[in-house]
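Trainee: Which chain is which? The protein sequence lines are H and G, in order. Note that the numbering used here has the first sequence beginning at 1, numbered continuously upward. Note that the numbering used here has the second sequence beginning at 1001, numbered continuously upward.
Heads up, a few of these hints could be off.
[Claimed, not checked] Pairwise CB distance ranges, derived in the manner of DEER restraints:
(1) H:70 / G:1010: 39 to 45 Å
(2) G:1011 / H:20: 37 to 43 Å
(3) H:57 / G:1069: 31 to 37 Å
(4) H:70 / G:1058: 39 to 45 Å
(5) G:1039 / H:61: 39 to 45 Å
Hint data in this document are derived by calculation from the structure and do not stem from the laboratory. Where is the CB? At the ideal position from N, CA and C, for every residue including glycine.
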Amino acid sequence: DTEVTQTPKHLVMGMTNKKSLKCEQHMGHRAMYWYKQKAKKPPELMFVYSYEKLSINESVPSRFSPECPNSSLLNLHLHALQPEDSALYLCASSQEPGKSYGYTFGSGTRLTVV
Amino acid sequence: QKEVEQNSGPLSVPEGAIASLNCTYSDRGSQSFFWYRQYSGKSPELIMFIYSNGDKEDGRFTAQLNKASQYVSLLIRDSQPSDSATYLCAVNLPGNQFYFGTGTSLTVIP
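So here's chain H without its partners, still in its complex pose (with noise of 0.2 Å):
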C-alpha cells in the first residue's frame, strides 16, 4: 500500500459545526503532515507529527485541533471555523522525520465554511 487516504473527500460546515478530517496511511512512516492550501497558492505547512508526538505547529489557530492517536491515523478536529478557513487540506506522510525522501500526499479534503 503507498497511498495516503483521506476522507472526506468534500466537506462543507456551517461556523457553529464540529468536525473532523481523517488521515491514514499503512507505507510505515514515521512522520505526517498536516497542509492547508488556498487556490492558486502552494501549501502552507500546519502542523508536524514525528513518531506520533506533534513536533511543529506553525502558529495555527486553536480552532484547528490535530491528534495522531496511532502511528497510521491523522485527524483535523475542526471547531467554529470562519469562511476563510475554506482551502484544500493535504494530508501527507514522509519515512523518516527530519530525513526527508519526499512526502506523499493524499488527495485532500475539500473545505468550504458556510
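Given the structure of chain H, go ahead and fit chain G onto it with the hints provided.
Mentor: This is chain G only, laid out in the frame that chain H set:
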C-alpha cells in the same frame, strides 16, 4: 524573505520542446530538494528529489542542483501536453521543516 522562490509564470512551451523551471532558496542549511507536479484541483505528486550538487536524470526529467548559488532547476525534455500543470519546488530544512515555493504554471502547447 521567502524560503523558496519560483517564477510564477505562466510558462508556455511548444510540444516537444524543453521546459526549464527554476527555483532559488534562502537557507544554506537546506538539505534536500524536491519537485512536485500539481494538476488543478489535485494534490501534489512527487516527480524528483535531489541531494547532491549536479544533475539527476529520470526519464524526460532532469533536476539540477547548485548549492553554491542556491538554486535548483527542473528540465522537462520532449514536453507533452500532459505535462501542463503547476510545478512546485520544495526544500527540506533541518528540523523536518519543509517549505514549498509558490509554483510555476507550465502550459505545453500542442
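Trainee: For this structure, which hints from the list above don't hold up?
Mentor: Numbers 4, 5 - these are the hints that the structure violates, sorted from lowest upward.
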